Amino acid sequence: MTTPASAPDPAPTPAPDPALGFDLGAALAESQVDDLLATLDADLVGLTPVKTRIREIAALLLVEKLRTQAGLPAGPPSLHMSFTGNPGTGKTTIALRMAEILHRLGYIRKGHLVAVTRDDLVGQFIGHTAPRTKEVLKRAMGGVLFIDEAYYLYRPENERDYGQEAIEILLQVMEDQRDDLVVIMAGYRDRMDRFFASNPGISSRVAHHIDFPDYTQDELEAIALLMLERMQYRLSPAARTALAEYIERRRARPNFANARSIRNALDRARLRQANRLFARPDVRLTRDDLMTIEAADILASRVFAPADGAAEGET
Amino acid sequence: MRITQGTFSFLPDLSDRQIVAQLEYCLAQGWAISIEYTDDPHPRNTYWEMYGSPMFDLHDAAGVMVELEAARRTFPDQYIKLNAFDSTKGVESLRLSFIVNRPADEPGFRLVRQEAAGRTIRYTVQR
Chain W
127 MTTPASAPDP APTPAPDPAL GFDLGAALAE SQVDDLLATL DADLVGLTPV KTRIREIAAL
187 LLVEKLRTQA GLPAGPPSLH MSFTGNPGTG KTTIALRMAE ILHRLGYIRK GHLVAVTRDD
247 LVGQFIGHTA PRTKEVLKRA MGGVLFIDEA YYLYRPENER DYGQEAIEIL LQVMEDQRDD
307 LVVIMAGYRD RMDRFFASNP GISSRVAHHI DFPDYTQDEL EAIALLMLER MQYRLSPAAR
367 TALAEYIERR RARPNFANAR SIRNALDRAR LRQANRLFAR PDVRLTRDDL MTIEAADILA
427 SRVFAPADGA AEGET
Chain B
440 MRITQGTFSF LPDLSDRQIV AQLEYCLAQG WAISIEYTDD PHPRNTYWEM YGSPMFDLHD
500 AAGVMVELEA ARRTFPDQYI KLNAFDSTKG VESLRLSFIV NRPADEPGFR LVRQEAAGRT
560 IRYTVQR
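Taken in sequence, the protein lines are chains W and B. Just add 126 to wherever you are in the first sequence, counting from 1, and you've got the numbering used here. Just add 439 to wherever you are in the second sequence, counting from 1, and you've got the numbering used here.
Hints listed in this document are in silico derivations from the structure and should not be mistaken for laboratory results. Just so we're clear, the structure is a prediction, and the values are computed from it rather than from any experiment.
Taking lysine to any residue and the SDA-like style, the derived pairs with C-alpha atoms no more than 20 Å apart in a straight line are: (1) Lys236(W) with Glu261(W); (2) Lys191(W) with Ala155(W); (3) Lys236(W) with Glu463(B); (4) Lys236(W) with Ala471(B); (5) Lys260(W) with Val505(B); (6) Lys260(W) with Ser492(B); (7) Lys260(W) with Asp496(B); (8) Lys236(W) with Phe495(B); (9) Lys236(W) with Met494(B); (10) Lys260(W) with Glu475(B); (11) Lys236(W) with Gln303(W); (12) Lys236(W) with Leu163(W); (13) Lys236(W) with Gly469(B); (14) Lys260(W) with Phe495(B); (15) Lys260(W) with His498(B); (16) Lys236(W) with His498(B); (17) Lys236(W) with Gln468(B); (18) Lys260(W) with Pro493(B); (19) Lys236(W) with Pro202(W); (20) Lys236(W) with Gln461(B); (21) Lys236(W) with Ala467(B); (22) Lys191(W) with Gly201(W); (23) Lys528(B) with Ala467(B); (24) Lys260(W) with His206(W); (25) Lys260(W) with Glu508(B); (26) Lys177(W) with Ala348(W); (27) Lys260(W) with Met489(B); (28) Lys260(W) with Ala510(B); (29) Lys260(W) with Thr513(B); (30) Lys236(W) with Val505(B); (31) Lys236(W) with Tyr464(B); (32) Lys236(W) with Asp496(B); (33) Lys260(W) with Arg512(B); (34) Lys260(W) with Ala471(B); (35) Lys260(W) with His238(W).
Covered stretches of chain W (in silico footprint by chain B; criterion: 3 or more residues with CB under 8 Å from a CB of chain B, positions within the stretch not fixed): (36) 232 to 242; (37) 267 to 275.
Label pairs and their computed distance ranges (CB to CB): (38) Thr443(B) with Asp287(W): 46 to 54 Å; (39) His254(W) with Tyr562(B): 45 to 53 Å; (40) Arg281(W) with Ala509(B): 24 to 32 Å.
For glycine and all other residues, C-beta sits at the position ideal for the given N, C-alpha and C.
Can you make the complete structure from the sequences, with help from the hints?
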């Protein structure tokens, strides 16, 4: 039987005259993908290698579109990806953006993201895994399937682990239904490498490996300011210095999760700010008071406590 | 004799492409699709066998088509239909149901006559 979904509708616009050449600019404007790339640049600090790769993929898909118009052979490229990087480096956020970009470029039909982990794919008993994995795959069709910490699917220490079954189903769909969904696997760099090394089938079907670098001190500060701006808060000059100091100390701590730690820190600063305002109910607050985070709100954090006190914990 | 049950049954069989278009419409309405099959298409046989569980939370018809292909491979000589269930409060029933697979040879039904009390004649259809 044919899969009619893969047959695109005939383009409503008349075929361009090859003598006139092909207008990449017009194709770009039509897909509106440059807006998306611009917001990507504006919204996400740093991540230069990631943004470059997304640009390349977008360019490839656009050229592929023009090649089809010109009657050249153009097989849809395989776009399964792996995102590697430490926690909080923006893998999930980028995956969401990626779904949108691929949708705008017409590579996937719906542009939704289905985020799953091992528990959603692997069953509890014999015969449970296949229907479970298939159901997830069916939900993801037309969009992007994001498998967080994909390496947990493969447990070499237990040869009867059901993860292997999920991997096999996944592989088959990744190969046979490339135009129905895009699979993105994410996780720590070293564990992903080991996962791919022990599953050559998966590794050979994942075309794009994108590494998410850790953020630098400056980037983390920029992220913090961006987050505060979006939440309609501002820092007093002293708090600005305190924040830089906080980030520097927090980075040296264990369990530092990049942007996620920053977001948590800001949430706690907001909490302390609210508490500080609450402590003086007699004072009439101005709009400014409600928006400003003072140095004290940040300095109360545990990372400023003497080193011997609390070694772990995020407060 | 061609069985005419459900929507579109007086039309020629839908192509896969047309089925996808119908499914896309159903999914856009937020209806859940399920697949059912039977070898007994008697009009009074309301409950066909379910092929897999109903599919909720789908976004794209490709997911249903995968299952439909599997169902056709498993039961090429049976009737298969797609149902679209609307879970809206107060509706909670099928909105659309159409046959997507028929056996190559459809025997149809014959009329059966039964003598009942007082020279009454009862009629029914039988395969």
